[in-house]
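Enquirer: The task is simple: from the sequences and hints, build the whole structure.
First to last, the sequence lines map onto chains A and B. Just so you know, we're using UniProt numbering here: the first sequence kicks off at 1 and counts up by one. Just so you know, we're using UniProt numbering here: the second sequence kicks off at 1 and counts up by one.
Rather than coming from a laboratory, the hints here were simulated on the basis of the structure. Among the hints, erroneous ones may be present.
[Said to hold, decoys possible] Each pair of labels, with its calculated beta carbon distance range:
| id | chain 1 | residue 1 | chain 2 | residue 2 | range |
| --- | --- | --- | --- | --- | --- |
| 1 | A | G280 | B | L110 | 46 to 52 angstroms |
| 2 | A | Q284 | B | E443 | 51 to 57 angstroms |
| 3 | B | L130 | A | K234 | 54 to 60 angstroms |
| 4 | A | E265 | B | Y463 | 21 to 27 angstroms |
| 5 | B | G450 | A | K234 | 52 to 58 angstroms |
| 6 | A | N117 | B | N432 | 29 to 35 angstroms |
| 7 | B | E123 | A | E153 | 25 to 31 angstroms |
| 8 | B | T131 | A | E169 | 18 to 24 angstroms |
| 9 | B | T457 | A | Q284 | 26 to 32 angstroms |
| 10 | A | K19 | B | L130 | 20 to 26 angstroms |
| 11 | A | Q284 | B | V467 | 33 to 39 angstroms |
| 12 | B | L27 | A | H123 | 49 to 55 angstroms |
| 13 | B | L27 | A | K19 | 17 to 23 angstroms |
| 14 | B | R57 | A | E265 | 17 to 23 angstroms |
Quick reminder that beta carbons are idealized off the backbone N, C-alpha and C, glycines included.
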Amino acid sequence: MGDVIGFPLSTGMELSNVKDAFDRVGKKQKLSFSKSHEVINQVSHEIEQALVKIQSDEDPMSPIDQKSILTELKHKLITIAPLKQLEGSQKELNLNLSKLPKLLEKSFPDISMAYRNVDFDFHIVNQILASHFYHQGLFDLGDCLINEAGEPEAAALRYHLLELHQILEAMRIKNIEPALKWVSTNREKLIQTGSNLELKLHQMQFVEILKRGSRADALNYTKTHLASFASSHKKEFQKLTVCIIWIGRLEKCPHSELFAPVCWEKLTEELSRVFCNLIGLSLQSPLSVAIAAGIEGLPTLLKLVNVMAAAKKQEWQALKQLPVPVELGKEFQFHSIFVCPVSREQGGEENPPMLLPCLHVLCKQSIMKLSKGSSRTFKCPYCPAEASAVVCRQLYF
Amino acid sequence: MEMDSLPNGNSTTTSTTAPSTAPPSKLTQLTESLKLEHQFLRVPFEHYKKTIRANLRAVEKEVSSVISAVNDYADSDISNDDAVQRLTSLVSRLQGLKRKMEEERRTENLQAERCRARIDHLESPDAENLTGWANMRLKRILVDYMLRMSYYDTGLKLAESSNMLSDITFLLRALMIWQIECQDLVDIDIYLEAKKVIDALQNMEIAPALAWCAENKSRLKKLKHTQIKLLLAETFATVASNSDPGVNILEFNLVKHAIIVNAHCSYGWQSKFEFQLRLQEYIELVRAENHMGAIAYARKYLAPWAAMHTKEMQQVFATVAFKGIPECSVYKAFFEPKQWDYLVEQFKQEFCRLYGMNPEPLLNIFLQAGLSSLKTPYCYEDDCTREDPLSQESFRKLAFPLPYSKQHHSKIVCYITKELMDAENPPQVLPNGYVYSTKALEEMAKRNDGKITCPRTSLVCNYSELVKAYIS
Ligand SMILES: [Zn+2]
Ligand SMILES: [Zn+2]
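Expert: Set out below in structure tokens:
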């Protein structure tokens, strides 16, 4: 995509151009303002002069001829030409005012160009947004939206996420009771997924007791809460009991990593992950992920639309697959996609990736072609090794 | 995915690694994405521009009316006292104008500051505040959606809440800045301007909409000659194809006449939106069976529009007024209650265009781009990972009409760690053809004395039986 017409220059340059154009508007505005002031003062001054003349009727012998004074004023105003003066300064300001939007249009593309005219069901969008707010712990906001938009409540989801946020809230002040309570109600499911979250929570609690320095409390906690892990998690159990000896000088303890403040953060994150997983959610809000992907992908899509617009706009609206890759960061790769280096085809169930004896991988169709329908051996396109179709093995990613 | 190719034969290592350009850093990416901020810069500027131009016009108007007053006085016979009184009042008018200019200038400056704040905000992201900046952007996108959808409570609440800044320590500091920034970074006041009109339209009142039209007269879309022709041609076709006589003869005459008139005076029309508003008000009078009112209204507001003062035209409006809702014509559409929703839509479109806003909510644009970039055929399978937004039914539905993404190179994600494999963490193949990342397999072997258990098939094998796969 590097060679297609993009939007010129770097964004930094664009911004400073915009800034300059904006500054010019500000300057012209100031100029125009003081010009207006000046013109108004001029007009005002002439009228006041005329007023003085009309009022100065000291000489009763020659009565004031207001008509001639007014005519004189009229002509003076014609010479001053206030409107023309205003027009002059306004013209420059207007010119600069029109320039900036044009500059913006040139340097910042119209992002709706990449929008497909399909109706996004706003009820679905609203529900996604409410879930997003719940996911972020913004329950008021989620409720407010559901209320205002008249969407059905997502009661179950809200209930679960509220529980999660209460647990996290408590953990923030180093209270693991709500977390332990949740773990014990879901013990069966957690064991099935191979999570040892319960032990980790107890370990954290134990560490806090060690820090407080009471050997008796530590021993007591070992008996009541840790002993049950003694056989299933031997190593961890031993580590913890060793620590009791080091009470009062924990910094010298061989397992000092257990006391690092980052442990709380890690535990909180793990709990969130396990919790979300158990209720069928992702750790990240899916809306945040999708929007972040959109922000990363949109520049490429806009370039693409630009190129295609040169040909035909309709095509963009009808595409079944994007004609070019949109490179997203690692965090957005959720699926294994095999692209055969020979045919450039995306593999699938009918055309799976195959491992050659030389350990290069091609798609099945390419192998069929190279081996003329598996009738003869062929040379690997990537090394001198020979292979036959029968010895190639299908791969599963 | 770019990986080493295999050492061919037994000894020579022909490493043909062709690493494509290193993945751009998050900061570079963010800088790149600033190009998407047209609306963010444009809207406050259009607002600013509108204020400046309105003020310029006001000054011009006042000065010119003072001048023409002077001319009038000079050309007429007025007494000395009269002249004094009138000139004095002109002077105080000019004083008043100067005061008003000062006030308006304060508004202009506030708006200029907002434009400036937006430029500064776009210049502000650096390596330290990336996350905060991106969170703020998400918030802006969501506020834009809420306000466009008329969810004002939610929109305002969201704009006021600072919780969305994820970093807790950052929070307190941000809280104070936010109070100031919030107004500068989202266009709440502008949307509130729209809200007044929308609320009124929803209550079937057109006065605020008309006032808005008057205020923005010069910038509204004019009803174009070609559009009128099209509209009339459609009416013509409907009438022609209709077998029911009665009203239709009159409709027919209306159309015929309108076409003739329009051929002559093509540019005498006002804005399309205003015309629709007036027509709707007339329809409401007809609906309420206020016959005389409807006729009077049509004479006053609609006839001049069509530049038709003829008897025929008036007769048509009168007949419609008395006979009620026409049976089969395009005018029937005007009698449906959802016509008011249509007016709201029309208003929103005009409003967005005037302020240089995207016609669609930003959220929809970004969401669409994101879903299209993420969409693969695998997303719709049952085992799609939960971390993929497209594993959720709601996102799948939205993505349904969108194109799939495309890849030029293989991207292999480890089933166990969910990480993208690369040259540092290459894929290895079990005897049964299942592929996992080296990292995951090494870890598993370490824990189980060199034994590997395939998580999908339960096959057990030794770590030594694995082979590296070379995928280019
Ligand atoms: Zn090979
Ligand atoms: Zn998926």
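Enquirer: Run every hint past the structure and note whether it holds.
Expert: Quick rundown of the hints versus the structure:
1. A:G280 to B:L110: 46 to 52 angstroms: For B:L110 against A:G280, whose Cβ atoms are near 49 angstroms apart, the range 46 to 52 angstroms holds.
2. A:Q284 to B:E443: 51 to 57 angstroms: 24 angstroms, violated
3. B:L130 to A:K234: 54 to 60 angstroms: Given range 54 to 60 angstroms: violated, Cβ gap about 43 angstroms.
4. A:E265 to B:Y463: 21 to 27 angstroms: 33 angstroms, violated
5. B:G450 to A:K234: 52 to 58 angstroms: For B:G450 and A:K234 the Cβ distance comes to about 21 angstroms; the hint is violated.
6. A:N117 to B:N432: 29 to 35 angstroms: Since A:N117 and B:N432 have Cβ atoms about 47 angstroms apart, the given range 29 to 35 angstroms is violated.
7. B:E123 to A:E153: 25 to 31 angstroms: 42 angstroms, violated
8. B:T131 to A:E169: 18 to 24 angstroms: Between B:T131 and A:E169, where Cβ atoms are some 21 angstroms apart, the hint holds.
9. B:T457 to A:Q284: 26 to 32 angstroms: This hint holds: roughly 30 angstroms between Cβ atoms.
10. A:K19 to B:L130: 20 to 26 angstroms: 22 angstroms, holds
11. A:Q284 to B:V467: 33 to 39 angstroms: Given a distance of about 35 angstroms, which is inside 33 to 39 angstroms, the answer is holds.
12. B:L27 to A:H123: 49 to 55 angstroms: For A:H123 against B:L27, whose Cβ atoms are near 37 angstroms apart, the range 49 to 55 angstroms is violated.
13. B:L27 to A:K19: 17 to 23 angstroms: 20 angstroms, holds
14. B:R57 to A:E265: 17 to 23 angstroms: Violated: the Cβ-Cβ distance is about 59 angstroms, outside 17 to 23 angstroms.
The structure fails hints 2, 3, 4, 5, 6, 7, 12 and 14 (numbered hints given earlier, in ascending order).
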